[in-house]
Amino acid sequence: MLKQFLLKEWKEKFPFFILAILLFVGLAALAFSGKAEMAGFVAVLLLMAMLPLIGVMIGSSSFAAEFKNEAWAYLFSRPVKKWAVWLIKYFSQLTVLIATYIVFFLLLKLLPKAALEIIQSSSLRMGRSDVSLFSLSLLFSILAFTIAFSISILSDKQLIIFLCTALIGIGSAVLFEKYLALLFQLSPRTRLQGTSFQGALVFLTLSFVAASILTLEKSDFSQQLKKTWLFTKFVAAFLVISIVISTAWTLGIFHSEKKNIRSNIIIAGDAAYFGTEKGVFRYARAQNKPKKIDGTGSALFLVDFSVGGEKLAVLKYKLFKVGKAKMEAPVLLVMNKDGSGKKNLLEDYLKKDSPLLDQLLWPCLISPDGGKVAFMTRDWKNKKYGICSINSDGTRLQSQPLNLPEVDWLRFVGWEMSGKSIIISALSKWGTAESNSEILSFGLDTGSYKILAKNLRNPYSARVSENGDSMVFKFYDEKDSKEVLAKVDLRSLEKEEIYRGDSIDGLCLSEAGDKIAFIADKSKLGIYSLPEKKMKAIKAIKELKAEKQSSLSYSLSWVSDGKKVVFSDNINGGNYLRVFGEDLRQKKAIKMLFSPWRAQISALGNIVFVPNFMTQELWTVDIDTEKWQKIY
Amino acid sequence: MNGCGEPRKVKTGERVMSEILKIQHLSKGFGKNRVLQDFNMTLEKGRVYGLLGKNGEGKTTLIRMIMGIIPADSGEILFKGKKIGYLDAAYKRDVGYIPEEAFFYSWMRIADLLEFNASFYPGWDAQKAGGYLERFSLTRKSRIGKLSRGMKLKLGLVVALAAKPELLILDDPTSGIDVPTRQDFLRNIIKELSDAGTTILFSTHLVHELERIIDDLGILHQGRLILEEEYEKVKNSVRRIRLTFENSAPEKLDFPGILTAKKENASWEGVIYPWNEGSEARARSISGARMEIKPLTLEEVFMSFVSEDKSGV
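Just so you know, the sequences run in chain order A and B. Counting in our numbering, the first sequence runs from 77 upward without gaps. Counting in our numbering, the second sequence runs from 160 upward without gaps.
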């Protein structure tokens, strides 16, 4: 029965398939004969407009053949369930739509590369996730087809079905936009928006499927008005149900998903600080467990925070009501290190004359004494960077443009000790072989800058000492193709070479800023004394995993108040935290509880913080007792 | 009803046969228009049942409910003793249906329609289908859209018969088709089927067609079955009586079982059902009247039962 029924449906809809393909080929030939940009544009148009339109055309004619001469009465007098009739018709015609889609998809492969890139880049940005045009086109086409198909049980007048589908489609789009805004507020992490959006489309489609099947099962086909009214009631009921399920589904995902660790661990004084999708946490040495000191912000932007003196600065975005509209606006909070005494330094941000309006603010860095906070700005329109500073009490907001050519990305490295300049790492030509980083000292009062170092290759390979008097960094010397570890005195700008070798990994400044530990040439551990300006020790470490091609670099950390160095390593296939004294003798090897072995570790006293990014957990291990504890 | 009393539903239970279709208290309305009300009907296996009713009386509505095409408002339908619901489909394997209009897909060829239908019926007899095609001079390659109404009726019959149904329902199939086709259909095919033991429900408003083929008769009028009886018995117990008086006829005619009555000068003419010995005695007891008694054709029987003119009763 199924085979014959499918054949009947396919034979009925075959002309649509041919028509659609001819339409595609004709339009595509017209466009592809011109420029690649035009071809790309037309292909996007075909994907987003033509395919749904073809879906509506196929769907709206679904029951038309049955309505002609009241063939439905004949069909329903056959020994087949009505829902089976519906499903067979639906899926057989859906295959026609999907076959059309596949043929069109294959036709796209013939396009020039530039045109394909246009299509691939034309994805819908939903929060942090992209919904591809192909996926959107397919979902929209199926939705349009389903709506038209569902309505087609009500009338044989295809034009009416077409118009009804268009009306319902527009109505759904408006409702959908409101619904997504609601979802956004319910689950303030935009990562969910992509899946929520697609999920909601699927639920919307299923609503029409359910309403249509039930109408077919329950209604009297000979009574047009009753049938239409019943269908309307079913659609309304299922839409409500699907909204509820979709919302529950979104929230379910939101609550069941792990809240990721979203920052490095900052060690300051007697506490460690880390940021997650739940907020900013403080782990005090004495308390042995983390305490949330600030909640999460909007999902659209990352939360950034830094610690200086007795203060903590947090930069995040929140949803504010401006008149009738809602908008995301930055909040720069300065608080005591325990989270008390919060003050928003950007309360005037939303005022019309605010110089920061239309600027993206991120990241922030509080000065070592906690008296000032610097943050970067980027204009939404002209994409130009600027650097602002503001006193921690909210006074003296200064804004300076940063006129650097070809900058793709910027980050703060640290404060210069006078508090008048800030050290910035600037990355250019990101993603290319010529990618390069420079280190600049930027005057917050003057807006001028000095280049301190070039050819860093890695923008993260620079450290400023706690008091801001010196900076260590590594750069690549093209003359002898070596990596060089160097120090610059931030007062005199005098440079000093520390080590030159094939590679340098895991730079780690001691908290006092007097020593630097590093892995050299993938095989040696070195410790350099900054005040003494000499290498205290460097020697090859037995069984140091020498993976020259590894993209992961070693993570080193000073432990036991600067008396020991710890890093994670792989010994004979096992993962260990290796603890070395200043004499470079291994004191201990603590078996790791999980992989990967090159975790980004930090240490507070004897406590080493080891994040597990696979499970989004944060563990601590006491290097004296070797006791592990999960703190997040 | 009116002067002639309540709608008559007579069932003499002398024959003991198994019921194939039983309809109980079935009601159906469209808006405020009640088409069927408390409708009851019984079909016995192996017999030809003629369901008569005027146009628009609800015959097609009733058949569509039996075939599960439209739902009933209330009541129940039992097929072979088992209650069937609007959503049931399995029983339709044993029920052949030829609608008033041949609702086929016009783009199909005859062969496509046969293959399409064969897939629904496990007991499909392709050989039988082929035999009927030949008999009706239908060719497999013909496109259905190009067939005449008579040809479509024959095709519908091929489809229905190839499925080897236990019950065949014909919904006014002969209206609007040419006389030779109709005659062949009624005289030959229906008879063959009947002889082969297929139960047939033949619904029509062209009453005279059924005269020679039906075993049982049902008359649908104003939403109810006002008569359900073995046709032979009806024929034997319905009479037209004419009473002619010497001087003038009385204003009203008081007679048990009178269906219709009409006064003409010095005479009364009426249809009596059931006509029996008592009826004859009663007629003879009317003084001063000369009596003529005549049997009725099926058409006359039908007209008497559904006549709106009851003024003389």
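Mixed in with the good hints there might be a few duds.
Reference listing, derived: stretches of chain B covered by chain A, where coverage requires no fewer than 3 residues with Cβ under 8 Å from a Cβ of chain A [what the hints assert, rightly or not]:
#1 202 to 209
#2 224 to 236
#3 241 to 253
#4 453 to 461
In silico DSSO-like pairs for lysine-lysine, Cα to Cα no more than 30 Å straight-line [claimed, not checked]:
#5 A:294 to B:287
#6 A:87 to B:323
#7 B:392 to A:157
#8 A:144 to B:204
#9 B:239 to A:394
#10 A:303 to B:453
#11 A:460 to A:365
#12 A:303 to A:335
#13 A:144 to A:189
#14 B:323 to B:191
#15 A:144 to B:213
#16 A:233 to B:323
#17 B:213 to A:79
#18 A:294 to B:392
#19 B:213 to A:87
#20 B:411 to A:530
Sample of chain A residues at the chain B side, in silico, Cβ under 8 Å [stated by the list, open to error]:
#21 82
#22 150
#23 701
#24 705
Simulated from the structure, these hints should not be mistaken for laboratory data. This structure is a prediction, so every number in the text was calculated from the model and none was measured. Every residue gets a Cβ at the ideal spot worked out from N, C-alpha and C, and that includes glycine.
Each hint tested on the structure:
Look at the stretch 202 to 209 of chain B against chain A: 0 of its residues bring a Cβ nearer than 8 Å to a Cβ of that chain, fewer than three, so the hint is violated. With 5 residues having a Cβ less than 8 Å from any Cβ of chain A, the stretch 224 to 236 of chain B passes the three-residue criterion, so the hint holds. For the stretch 241 to 253 of chain B, the assignment as covered by chain A holds, since 6 residues bring a beta-carbon within under 8 Å of that chain's beta-carbons and 3 suffice. Coverage of the stretch 453 to 461 of chain B by chain A is violated [criterion: at least 3 residues with CB-CB distance below 8 Å; count 0].
Proposed proximity of residue 294 (chain A) and residue 287 (chain B) is contradicted: the alpha carbons are some 36 Å apart, above 30 Å. In summary, the hint linking residue 87 (chain A) to residue 323 (chain B) is supported, as the alpha carbons are separated by about 28 Å, within the 30 Å threshold. Only pairs whose Cα atoms come within 30 Å are accepted, and residue 392 (chain B) paired with residue 157 (chain A) is rejected, the gap being roughly 41 Å. Our distance criterion of 30 Å between C-alpha atoms is broken by residue 144 (chain A) and residue 204 (chain B), whose separation comes to about 35 Å.
Only pairs whose Cα atoms come within 30 Å are accepted, and residue 239 (chain B) paired with residue 394 (chain A) is rejected, the gap being roughly 71 Å. For the hint linking residue 303 (chain A) to residue 453 (chain B), the alpha-carbon distance of about 52 Å lies beyond 30 Å, and the restraint is violated. At most 30 Å may separate the alpha-carbon atoms for a hinted pair to count; residue 460 (chain A) and residue 365 (chain A) exceed this at roughly 42 Å. Straight-line distance between C-alpha atoms of residue 303 (chain A) and residue 335 (chain A) comes to about 48 Å, which puts the hinted pair past the 30 Å bound.
Taken as a hint, the residue 144 (chain A) and residue 189 (chain A) pair is broken in the structure, with Cα atoms around 47 Å apart against an allowance of 30 Å. As the CA atoms of residue 323 (chain B) and residue 191 (chain B) are separated by approximately 39 Å, the hinted pair breaks the 30 Å bound. For the hint pairing residue 144 (chain A) with residue 213 (chain B), the CA-to-CA distance comes to about 26 Å; that is within 30 Å, so the pair holds. Between residue 233 (chain A) and residue 323 (chain B) the alpha-carbon distance is near 37 Å, which puts this suggested pair outside the 30 Å criterion.
With a C-alpha separation of about 42 Å, the suggested pairing of residue 213 (chain B) with residue 79 (chain A) is violated against the 30 Å cut-off. With a CA separation close to 42 Å, the supplied pair residue 294 (chain A) and residue 392 (chain B) exceeds the 30 Å bound. Straight-line distance between C-alpha atoms of residue 213 (chain B) and residue 87 (chain A) comes to about 40 Å, which puts the hinted pair past the 30 Å bound. Note on residue 411 (chain B) and residue 530 (chain A): the hinted pairing is violated, with a Cα-Cα distance of about 126 Å set against a maximum of 30 Å.
Hint status for residue 82 (chain A) relative to chain B: violated, with the closest Cβ pair at about 10 Å, above 8 Å. At its closest, the beta carbon of residue 150 (chain A) sits 4 Å from a beta carbon of chain B; the interface hint therefore holds under the 8 Å criterion. Restraint check, residue 701 (chain A) versus chain B: the minimum CB separation of about 71 Å is more than 8 Å; hint violated. The closest approach between the C-beta of residue 705 (chain A) and any C-beta of chain B is roughly 62 Å, which is over the 8 Å cut-off, so the hint fails.
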